[in-house]
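Colleague: Got chain X; can you put chain B on it based on the hints?
Protein chains in written order, with our numbering: chain X, 454 to 858; chain B, 454 to 858.
Simulated from the structure, these hints should not be mistaken for lab results.
Think of the CB as a built atom: it goes at the ideal place given N, C-alpha and C, for glycine as much as any other residue.
There could be a bad hint or two in this list.
Over 12 Å on every C-beta distance to chain X, these chain B residues come out as not near it, computed from the model [said to hold, decoys possible]:
hint, residue
1, 470
2, 526
3, 599
4, 619
5, 676
6, 678
7, 731
8, 745
Stretches of chain B that chain X covers, calculated by requiring three or more beta carbons in the stretch to come under 8 Å of a beta carbon on chain X [unchecked claim]:
hint, region
9, 623-636
10, 649-659
Listed here are the chains, written in short residue letters.
Number of protein chains: 2
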Amino acid sequence: MANCIIAQSGGPTSVINSSVVGLVDANKDLKIFDKVYAGLNGIEGILNGNIIELSSFSDEEINSFRYTPSSGLGSCRYKMKKLEESTEEYDKLLEILKANDIKAFFYVGGNDSMDTTAKLGKYAKETGLDIKFIGIPKTIDNDLMYTDHTPGFGSAAKFIATTVLETYLDSSVYINNGIFIVETMGRDTGWLAASSALAKLNGKQVADFIYLPESAFDVDKFLHDVKLKFEEQNQVYIVVSEGIRTADGTFVAETSSQAHDKFGHAQLGGVGMYLKNLIIQSGITKRVKALELGVLQRCAMHCASSLDLEEAHQAGYEALKYANMGHSGYMVAIKRESNVPYSSSYFLVEADKIANNVKYFPKEWINEEGNGITEEAIEYLAPLVSSLPSILTQSPMPNFKVFNK
Amino acid sequence: MANCIIAQSGGPTSVINSSVVGLVDANKDLKIFDKVYAGLNGIEGILNGNIIELSSFSDEEINSFRYTPSSGLGSCRYKMKKLEESTEEYDKLLEILKANDIKAFFYVGGNDSMDTTAKLGKYAKETGLDIKFIGIPKTIDNDLMYTDHTPGFGSAAKFIATTVLETYLDSSVYINNGIFIVETMGRDTGWLAASSALAKLNGKQVADFIYLPESAFDVDKFLHDVKLKFEEQNQVYIVVSEGIRTADGTFVAETSSQAHDKFGHAQLGGVGMYLKNLIIQSGITKRVKALELGVLQRCAMHCASSLDLEEAHQAGYEALKYANMGHSGYMVAIKRESNVPYSSSYFLVEADKIANNVKYFPKEWINEEGNGITEEAIEYLAPLVSSLPSILTQSPMPNFKVFNK
Chain X
454 MANCIIAQSG GPTSVINSSV VGLVDANKDL KIFDKVYAGL NGIEGILNGN IIELSSFSDE
514 EINSFRYTPS SGLGSCRYKM KKLEESTEEY DKLLEILKAN DIKAFFYVGG NDSMDTTAKL
574 GKYAKETGLD IKFIGIPKTI DNDLMYTDHT PGFGSAAKFI ATTVLETYLD SSVYINNGIF
634 IVETMGRDTG WLAASSALAK LNGKQVADFI YLPESAFDVD KFLHDVKLKF EEQNQVYIVV
694 SEGIRTADGT FVAETSSQAH DKFGHAQLGG VGMYLKNLII QSGITKRVKA LELGVLQRCA
754 MHCASSLDLE EAHQAGYEAL KYANMGHSGY MVAIKRESNV PYSSSYFLVE ADKIANNVKY
814 FPKEWINEEG NGITEEAIEY LAPLVSSLPS ILTQSPMPNF KVFNK
Chain B
454 MANCIIAQSG GPTSVINSSV VGLVDANKDL KIFDKVYAGL NGIEGILNGN IIELSSFSDE
514 EINSFRYTPS SGLGSCRYKM KKLEESTEEY DKLLEILKAN DIKAFFYVGG NDSMDTTAKL
574 GKYAKETGLD IKFIGIPKTI DNDLMYTDHT PGFGSAAKFI ATTVLETYLD SSVYINNGIF
634 IVETMGRDTG WLAASSALAK LNGKQVADFI YLPESAFDVD KFLHDVKLKF EEQNQVYIVV
694 SEGIRTADGT FVAETSSQAH DKFGHAQLGG VGMYLKNLII QSGITKRVKA LELGVLQRCA
754 MHCASSLDLE EAHQAGYEAL KYANMGHSGY MVAIKRESNV PYSSSYFLVE ADKIANNVKY
814 FPKEWINEEG NGITEEAIEY LAPLVSSLPS ILTQSPMPNF KVFNK
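Next up, chain X with everything else stripped away, as it sits in the complex:
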């Protein structure tokens, strides 16, 4: 027997810890490894020797951790050097794994983490080391290729749809209402903004307009549409992705506060406020509110989707099984077997096919006007949003457990 290790990377989600617990549970059931280690703060922490033994914690602690949002093992946005540039970090990491008798490494993350997983798997193989590297998908953005969807997305979608419905009601109480703009995350893809279409009152979608990065944003058409709708309804509800851009590819919210993260992605925000000012300046109305849902989209466990929690858990569970079968350099992916009733299965995709690739919201699921989504898109989204697990409603305040504090 030998040991395995799991770590988390990139931005948090509500269900990322469930995947870790899925792996722990799989090892409890299948008794493949002696110990399940966790690296704190991803690759960065492991390189610093920050390793704990997950299998030593009580069932109660592990179960609390399962229903705790955000990366409870800590995260990192550490970008390893290219193999061609230097193998130093790779050698160091593999040394640490060898020293702990680790035969399988699991990384829960998005495209950048799958890049790391692929590189490590490749290097281990090249150097003749028998260590398996398996990626477990995680991102609220739902932008990983090949997998039907990503764990983390369903809960974010549910939080967005639910709060869109609630804030729609809040913005509708007066005789003379104004214009309400909700800004969702989604730097490159519109999956999160699109999920707002699930917010319905009396069977009718409450969002009048939904703008995605995949559809070129035209300011004049936007103001024209909003003006007409406001004249018609005396109220307009708008959902906008932070990443919308004009036909030439410029981000609409290219502001002075713009910065770039370590992977070179532009850090956005503030498009809601920008559109608010635009509407006011155009003279349509002064009663405009903009709400940025912000990080709540990726940590609102109090509004999680039980299917999302289950699938995140199962993805971790499957990862251990796949490693035990001898696979390495792959990511666990989800296949939708049936939509009604919903069912899914798991399979493997080469991690380097996931890395640095983006699954965009399909153009054919955007309406002709470029300001809404189709029924087909709603059929895809709806099953991913399911009820809240009853365990999350049993105490007044949640009992969270993390390992990185």
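Modeller: Frame of chain X; chain B shown alone:
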């Protein structure tokens, strides 16, 4: 037999419709009035003749309405003229009530609504009309005098405490974390910001600093405290009320976008962003995030407190009973009978004593440093935040019902 009418006024809460259903249920049980009417959009709607018959809707519709956030009868911020200035609106309103054989009028609202209730009650009495006027408290701000707390506050407090805990985890995942600022509502009082103290991890409060309007805000001390804490923890979590002001009474967030509502209150917002910029400019760190919870605080039914929902319902129930006993010109208030286990009872307070009065967060519940609250305050707050009713977790998306659309 005769009829009664209920209407809602002012800003919405998550539980304001529960009070309406409480009244409907009381009339079902006690059979006091023939019909329960609802005025849509408060006084403003009634003056326009927008009246529906609530008692004609099915039990299922009424039950959905009970668990729907925001003012489902519509609201208004209509300020009636002073009686001395003109009795025209008063006469018109009373005429409409008489025409519908209405013997009791119930107004769900905050201090401004109690002002209206008191004036109407006084005028009806003066003109010899036998119509009872009873106010039902509602405000997330918890700033009404005499009542132990207000329906609507517990659910807002729960949403704030829960999201503070979740965003604390989200802001703690890296080795080098930054400073996170959450801005709560609370123009004049700190009740909402204070409720963030209920957010605890491993028994320890996660907010490092909590700033309330009742404590003079000192920019230099703030930056000093934040700097020290950041050096100590490499992370700071700050909660700030939108209404904080300096020693001379100036709002910290007095910005160019400032406007005034119809009652002359300054409309605030943006203090979180202001403090964020202050911290960055002071050179403590550039990693600062500010999140404005916004209107979600008053409509997040998906995170409601069941005690709050129950008490809102009971306040409506009691209102009908009090009107039937012959009272008029009063507001139903809550008395805390016991803290552990929590129990409460209901009593009446003259509506004009509530009107235009503000219950501030007690100075003795603020710590000496002016940046946190005491154990006594936490003991007051804790029982008001209770678990989510299971009815709200049974479907993937909520089934809301409103009457104003």
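Colleague: Please go over all the hints and tell whether each is borne out by the structure.
Modeller: How the hints compare with the structure:
1. 470: Residue 470(B) is in fact no farther than 12 Å from some Cβ atom of chain X, at 10 Å.
2. 526: Non-interface label on residue 526(B) violated, nearest chain X Cβ at 9 Å vs cutoff 12 Å.
3. 599: holds (26 Å)
4. 619: Non-interface label fails for residue 619(B): nearest chain X Cβ at 4 Å, not farther than 12 Å.
5. 676: Holds: least Cβ distance 20 Å, greater than 12 Å.
6. 678: holds (21 Å)
7. 731: About 15 Å separates residue 731(B) from the closest Cβ of chain X, which puts it past 12 Å; holds.
8. 745: violated (7 Å)
9. 623-636: holds (count 6)
10. 649-659: holds (count 5)
Against the hints set out earlier in the document, violations occur for numbers 1, 2, 4, 8.
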